[in-house]
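Just so you know, the sequences run in chain order A and B.
Following my numbering, the numbering of the first sequence begins with 1 at its first residue and continues without gaps.
Following my numbering, the numbering of the second sequence begins with 459 at its first residue and continues without gaps.
Just so you know, the hints here were simulated from the structure itself, not pulled from any lab data.
For every residue, glycine included, the Cβ atom is placed at its ideal position computed from N, Cα and C.
Be aware that a few hints might be false.
Unchecked claim - 25 Å max Cα-Cα, derived DSS-like pairs, lysine-lysine:
hint, chain 1, residue 1, chain 2, residue 2
1, B, 556, A, 211
2, A, 98, B, 669
3, B, 711, B, 866
4, A, 253, A, 408
5, B, 663, A, 98
6, B, 663, A, 205
7, B, 556, A, 205
Claimed, not checked - Just a sample of chain B residues kept apart from chain A, beta carbon distances all over 10 Å, derived:
hint, residue
8, 480
9, 518
10, 646
11, 693
12, 790
13, 844
Protein chains: 2
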Amino acid sequence: MAMDRVVEYIDAHQDESVEQLLELLRIPSISAQPDRSGDVADAAAWVSQRLGEAGLTTEVLPTAGHPIVFADSGPRDDGPTVLVYGHYDVQPIGDPDKWVTPAFEPAVRDGAIFARGAADDKGQMFTHIRAAHAWHAVAGGLPVRVKFLIEGEEETGSPNVEPFVRAHRERLACDCVVISDTAKLDPETPAITYGTKGLVYKEVKVFGPAKDLHSGSFGGSVANPATILTGLVAALKDEHDRILLPGFYDDVKAITDTERDAMGGSGFDEAAFIEQLGAPCAFGEAGYTVLERRWTRPTLDVNGLYGGYMGEGAATVIPASAGVKLSMRLVLDQDPERISRAFDDFLRARCPDTVRMEIETHGSAGAYVAPLDSEAMRAASRALASGFGREPARVREGGTLPILPLFKRELGAESVMMGFCRSDCNLHSPNEFFHLSDFHAGTRSAAHFLGNMSNHSR
Amino acid sequence: MAMDRVVEYIDAHQDESVEQLLELLRIPSISAQPDRSGDVADAAAWVSQRLGEAGLTTEVLPTAGHPIVFADSGPRDDGPTVLVYGHYDVQPIGDPDKWVTPAFEPAVRDGAIFARGAADDKGQMFTHIRAAHAWHAVAGGLPVRVKFLIEGEEETGSPNVEPFVRAHRERLACDCVVISDTAKLDPETPAITYGTKGLVYKEVKVFGPAKDLHSGSFGGSVANPATILTGLVAALKDEHDRILLPGFYDDVKAITDTERDAMGGSGFDEAAFIEQLGAPCAFGEAGYTVLERRWTRPTLDVNGLYGGYMGEGAATVIPASAGVKLSMRLVLDQDPERISRAFDDFLRARCPDTVRMEIETHGSAGAYVAPLDSEAMRAASRALASGFGREPARVREGGTLPILPLFKRELGAESVMMGFCRSDCNLHSPNEFFHLSDFHAGTRSAAHFLGNMSNHSR
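I would like the entire structure built from these sequences, with the hints used as guidance.
Right, here's the structure in full:
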């Protein structure tokens, strides 16, 4: 049977898969940093080449930002069409000194590949390319029609995907979308994520004097933009971690007792989880467990803070400006546009006229919850069970995939998220990793998924 | 008369003075930055060499930090002993892109030298060395005994001067201290500063999770250290800019009507001053004018703010830590130790146990007000009138010279501060400058001061 031979092929070519992934991980495709745009383009070209080698017709399509790689195995008479979505861009690396081995010099140790993007999303995305490659090598083609949309701006909020999808609705037409950009439940258990949060990402800059001033000579003369900024940020939440933007919770559905019971019974070990994060204790909106907050409650977090003298030691300046980057994670039915306006209005009403304020929106996307009873969902469950040898868990996730509500709206397609990596894989942190065993099991699962989709259609 | 010939010598050797100052300004002696310690040592050696050329016995003495340059013209039977204090270290340069010409490549334009340290304090300090040099060249020696104490840690709060002065009380013995590290009143009028503020400089770091976390996956799990930090900073002041530390104002004397009238009648143009700073409007403690706040009221300013992702664009992290650098400027009778404790206690009581907090003190010093009727004050007034051709103003200053209360306590000596540079000379900011005409007039004034001190003693 073709499926068995495809899996044999995948297992026999593990070294080749790993070598190729290491190549991709060496490209520092940080989408947030303008001086990396050449590297981002290199990563796109690399992905396109691998898709071509898997027998697909591929294109690297320009956008107003970084390019999108599109590939298509071509029309056929039978069966559904699967769209694989992923991204080849990565997060910035943060403090390079915190990496055991350099972020863009992937190193294999303790059975895992350490590199920025190892899991998010280069490694996980690449499983689907290797699965297609195996089908192509063994069976001369894919068991269903498969399209790939691999973008390069996911880590900056996917600003150009929406116009792209709108402009290419027919080309992207599909019956379901499959994505691997989420995590397993625990080291042994793969997971299908059926819900993600929305995102509104803001940067607020406060400007005071025309230049940094000596805080001794000029203290008491003008408002300090950094002081004003701390007051604005502090006003966003109360001490019980409730977000104070007017109307913020208006469209948030209360958790039902059934959901609450399901999450309570999920076996999630809150104490062990917090200990693993290294924080003194759990903290969040009063009245909810950690899992309830992560899966079903909107949140607001400061992501970055800057202003004045940030070097070692002391410098006595009144900063000319100060800024904060912060983001809100939204749940189903919260409208990102409305939340965005509420945020701006709240700060504008509070910012004193002793300073000047600018607000920039870096990203805005809605939440998504997938139906649990679809063909694709069943095909994914069986594929993960085959690939990992263990039934997958069904989970929700606090992260954001802006593409999900977009695909639903523009293509009428629901998405299935198969998670292969560990939940503690240092996503967005130093020393990001992806276990080799998970990479290979993920590749097998991706191959099974295509096979299962083909069987479903018969 | 010797005095006339000294002034002639100074004016005839202006080019040599400028060339030498440019040499000193090329040394990037930033005391706050550990990787600049070699440069700081170079600046000390350079200063020592120039003092030797002025006929003084000089030494570069080590401290626990950067070295102190000490020089002495030697004992004599008559006249008072003058101690010249200054510093050869400089502030960090901030954003290099904001400098029209590089901070450590001094450039002369529009009649001024542009470089970090041009005014604060290399340029102003060097006037006294050139004045001594001129006396030495013309008269074969100085008219009174002169000692120099030129330190290299003033910009980091002079942490090692106090033990140095205590250990060398007899060596430093003097009748008065003269310092040029303050500004003129306006472009035409030199100034004697008779009061400075104290300083308590703190750095507060808040620690949360062991590493930066994905704000989507982990939002709602743990407290965000940057959010907590903004709340702590915002709690330090009310909306009228009153500092909320318990007991903070206990030892602050009310301004008398006489003082208020004097400051009101000083001709200070508040609107022009604020316009020059480029801020939307004046702001500070309610109930006081800008000049009252700057000269007589304690202040608190955030000097730096940092945490999480500070690069371009967006990154969705919960930062592992965040920090703030901030300083309080104190007035006479406020005890820096007591204020320091009040600050720490206030934050410790407010910091939730969801995070860990560290408080570091970078500097602590008292305020100082000099007597207006001393011999040295009269000698300085006449010297400035001679050097600049205009009677000096008497002003107070919001900056801190930690050395002043120290000299009074340990050496029993009062200080006189002669200000040569412009008040808008971009002290601690990009494009710091010192007018050549002020440099030369300052050098003449420094020479006159020594001559006047000699006459006083006869």
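Results for each hint:
Proximity of residue 556 of chain B to residue 211 of chain A is assessed by CA-CA distance (about 9 Å); at most 25 Å being required, the pair is judged to hold. For the suggested pair residue 98 of chain A and residue 669 of chain B, the alpha carbons sit about 9 Å apart, so the restraint of at most 25 Å is met. A distance of roughly 21 Å separates the Cα atoms of residue 711 of chain B and residue 866 of chain B; the hinted pair therefore holds under the 25 Å criterion. Our distance criterion of 25 Å between C-alpha atoms is met by residue 253 of chain A and residue 408 of chain A, whose separation comes to about 21 Å.
Taken as a hint, the residue 663 of chain B and residue 98 of chain A pair is honoured in the structure, with Cα atoms around 18 Å apart against an allowance of 25 Å. A C-alpha spacing of about 22 Å is found between residue 663 of chain B and residue 205 of chain A, which places the hinted pair at or below 25 Å, so the restraint holds. Our distance criterion of 25 Å between C-alpha atoms is met by residue 556 of chain B and residue 205 of chain A, whose separation comes to about 18 Å. Separation of residue 480 of chain B from chain A is adequate, the least Cβ-Cβ distance of about 23 Å exceeding the 10 Å criterion.
Consistency note on residue 518 of chain B: stated as away from chain A, and its beta-carbon is indeed over 10 Å from all of that chain's, at 22 Å minimum. The claim that residue 646 of chain B is not at the interface with chain A holds, since no C-beta of that chain comes within 10 Å of its own (minimum 19 Å). Listed as outside the interface, residue 693 of chain B is inconsistent with that label: its C-beta sits roughly 8 Å from the nearest C-beta of chain A, within the 10 Å cut-off. Its beta-carbon lying about 15 Å from the closest one in chain A, residue 790 of chain B satisfies the requirement of being farther than 10 Å from that chain.
Non-interface status of residue 844 of chain B relative to chain A is upheld: no Cβ of that chain comes within 10 Å, the nearest being about 26 Å off.
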